[in-house]
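Take these sequences, add in the hints, and give me the full structure.
Chains as they are written, first to last, in this note's numbering: chain A, 1 to 98; chain B, 1 to 98.
Hint data in this document are derived by calculation from the structure and do not stem from the laboratory.
Take the hints with a grain of salt, since some may be wrong.
All copies of an identical chain are treated as equivalent in the list; a pair is satisfied when it fits inside any one copy or across any two copies.
What the hints assert, rightly or not - Below are the SDA-like pairs computed for lysine to any residue, each with C-alpha atoms no more than 25 Å apart in a straight line:
| no. | residue 1 | residue 2 |
| --- | --- | --- |
| 1 | Lys57 | Thr70 |
| 2 | Lys57 | Asn75 |
| 3 | Lys95 | Val79 |
| 4 | Lys44 | Pro58 |
| 5 | Lys39 | Lys52 |
| 6 | Lys57 | Asp41 |
| 7 | Lys44 | Gln83 |
| 8 | Lys57 | Glu32 |
| 9 | Lys95 | Val42 |
This one's a predicted model, so the numbers in the text were calculated from it and none came from an experiment.
There are 2 protein chains.
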Amino acid sequence: MQSLAVRTTFSAPRAAGRVAARRSLTVRASSEPINPNIKKDVDKVVDTVFPKDLDGKPQAVYCRCWRSATFPLCNGAHVKHNQATGDNVGPLIIKASD
Amino acid sequence: MQSLAVRTTFSAPRAAGRVAARRSLTVRASSEPINPNIKKDVDKVVDTVFPKDLDGKPQAVYCRCWRSATFPLCNGAHVKHNQATGDNVGPLIIKASD
Ligand code: FES
Ligand code: FES
Numbered sequence: 001m002q003s004l005a006v007r008t009t010f011s012a013p014r015a016a017g018r019v020a021a022r023r024s025l026t027v028r029a030s031s032e033p034i035n036p037n038i039k040k041d042v043d044k045v046v047d048t049v050f051p052k053d054l055d056g057k058p059q060a061v062y063c064r065c066w067r068s069a070t071f072p073l074c075n076g077a078h079v080k081h082n083q084a085t086g087d088n089v090g091p092l093i094i095k096a097s098d
Numbered sequence: 001m002q003s004l005a006v007r008t009t010f011s012a013p014r015a016a017g018r019v020a021a022r023r024s025l026t027v028r029a030s031s032e033p034i035n036p037n038i039k040k041d042v043d044k045v046v047d048t049v050f051p052k053d054l055d056g057k058p059q060a061v062y063c064r065c066w067r068s069a070t071f072p073l074c075n076g077a078h079v080k081h082n083q084a085t086g087d088n089v090g091p092l093i094i095k096a097s098d
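As structure tokens, this is what we get:
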């Protein structure tokens, strides 16, 4: 995770010396990981779909929110993610025929 | 975008009154949108792939990092995202045959 340490330092003179206040907090950079926990042991999660994976079904729905418990398939977890964050992500649907 | 405002306020007495320092900064919550700018005018970005979309090619590569300039196709932008954030996301590859 990329993070950015921000330190706020303030000092003001007073009669007998100086007062200093230091606060340190960690701020996530705006560019941060989008995959919280899928296959974090691999450098890059790439999945491949073959025609046979549709298994005779008319379509298969693949996750692009990285929050599905059935990844790489979509399990609807994008709905909760979108509600919680105001995001608008959704799956990729693969159809067997036009 | 979900965000959390953090205010740091500090004041110290001095001879003639008070000194106050205020700093305000915005901290993104850990649960945040993963799509920065693709089709932000729609509630949910869902794409559908048909066999004809492969257009005779052996495979097509679809983006799951939400950073491709050719979304829904992958253009390799996941590499920069992964390097910048320590993430490990990658595309979904659809093959025409096994
Ligand atoms: S669960 Fe991830 S896109 Fe649906
Ligand atoms: S550009 Fe998004 S997964 Fe490759």
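Structure-inconsistent hints, enumerated in ascending order: 6, 8
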